[in-house]
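Enquirer: Each chain is listed here by its residues.
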Amino acid sequence: EPEVTQTPSHQVTQMGQEVILRCVPISNHLYFYWYRQILGQKVEFLVSFYNNEISEKSEIFDDQFSVERPDGSNFTLKIRSTKLEDSAMYFCASVVRNYEQYFGPGTRLTVT
Amino acid sequence: AQKVTQAQTEISVVEKEDVTLDCVYETRDTTYYLFWYKQPPSGELVFLIRRNSFDEQNEISGRYSWNFQKSTSSFNFTITASQVVDSAVYFCALSEGAAGNKLTFGGGTRVLVKP
Numbered sequence: 001e002p003e004v005t006q007t008p009s010h011q012v013t014q015m016g017q018e019v020i021l022r023c024v025p026i027s028n029h030l031y032f033y034w035y036r037q038i039l040g041q042k043v044e045f046l047v048s049f050y051n052n053e054i055s056e057k058s059e060i061f062d063d064q065f066s067v068e069r070p071d072g073s074n075f076t077l078k079i080r081s082t083k084l085e086d087s088a089m090y091f092c093a094s095v096v097r098n099y100e101q102y103f104g105p106g107t108r109l110t111v112t
Numbered sequence: 001a002q003k004v005t006q007a008q009t010e011i012s013v014v015e016k017e018d019v020t021l022d023c024v025y026e027t028r029d030t031t032y033y034l035f036w037y038k039q040p041p042s043g044e045l046v047f048l049i050r051r052n053s054f055d056e057q058n059e060i061s062g063r064y065s066w067n068f069q070k071s072t073s074s075f076n077f078t079i080t081a082s083q084v085v086d087s088a089v090y091f092c093a094l095s096e097g098a099a100g101n102k103l104t105f106g107g108g109t110r111v112l113v114k115p
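Each protein sequence line maps, in turn, to chains A and B. Using the working numbering, read the first sequence as starting at 1 and increasing by one per residue. Using the working numbering, read the second sequence as starting at 1 and increasing by one per residue.
Simulated from the structure, these hints should not be mistaken for lab results. It is possible that part of the hints are untrue.
[To be verified] Partial pick of chain A residues on the chain B-facing surface, computed with a CB cut under 8 angstroms:
no., residue
1, Pro8
2, Gly16
3, Tyr33
4, Ile54
5, Glu56
6, Ile60
7, Phe61
8, Gln64
9, Phe65
10, Ser66
11, Arg69
12, Phe91
13, Glu100
14, Tyr102
[To be verified] Quick list of simulated restraints, FRET-style, between CB atoms:
no., chain 1, residue 1, chain 2, residue 2, range
15, B, Pro115, A, Glu56, 41 to 49 angstroms
16, A, Gln41, B, Asn52, 48 to 56 angstroms
17, B, Val84, A, Met15, 51 to 59 angstroms
18, B, Glu59, A, Thr110, 25 to 33 angstroms
19, A, Thr112, B, Gly62, 42 to 50 angstroms
[What the hints assert, rightly or not] Distance condition first, Cα-Cα at most 16 angstroms in a straight line; then the derived EDC-like pairs of lysine to aspartate or glutamate:
no., chain 1, residue 1, chain 2, residue 2
20, A, Lys42, B, Asp29
21, A, Lys57, B, Glu10
22, B, Lys3, A, Glu68
23, B, Lys38, A, Glu100
24, A, Lys83, A, Glu1
Even for Gly, the Cβ is constructed at its ideal location relative to N, Cα and C.
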């Protein structure tokens, strides 16, 4: 069964450093998302991506964040200058239409 | 604006007891989708069920059942004869309108099933 994959599973970085989180969505899916979950809290929407552009973003998704689909398969989330409060689990998801969003296993980001 | 509320933060039961998780949603759209996801201790998000706003038929799937009531904006979820492996955080989520829209999650309910 096809699945969404994410790398790395865990990333530790120092405050102020740039990080790139990678996702490979399911191949025939059209819509792509990033969500984050601060430890013990709910899952929050960051950004959605369709037809090679951002379709919606939340207030969390400020100028420090960017997304790309550089090669038609990978979908990346970049945080330019990480802050302590960026520490969270980051989930990638994809969907064909408005069916269930398939989530990747997540990347745990720890900012020290 | 869309909103999902899960009033129960944690539920603890003994194995074989039934567990019902409450979910109340708010939306101005007439077309929307409701979901339940399970997050076991390993951390991944596992899809359980999707319902659209035009389908109020309740369903039973194995030990899981759902009760969708538009009149009260509720989408409750029941686990029958709970097992230790059901221990997880359960999230209710809402997606409004057209295809591809974001999910808005509730705060989650932690279910602890004791042997």
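Enquirer: Hint by hint, which ones does the structure fall short of?
Expert: 1, 2, 4, 6, 7, 8, 9, 10, 11, 16, 17, 18, 20, 21, 22 and 24
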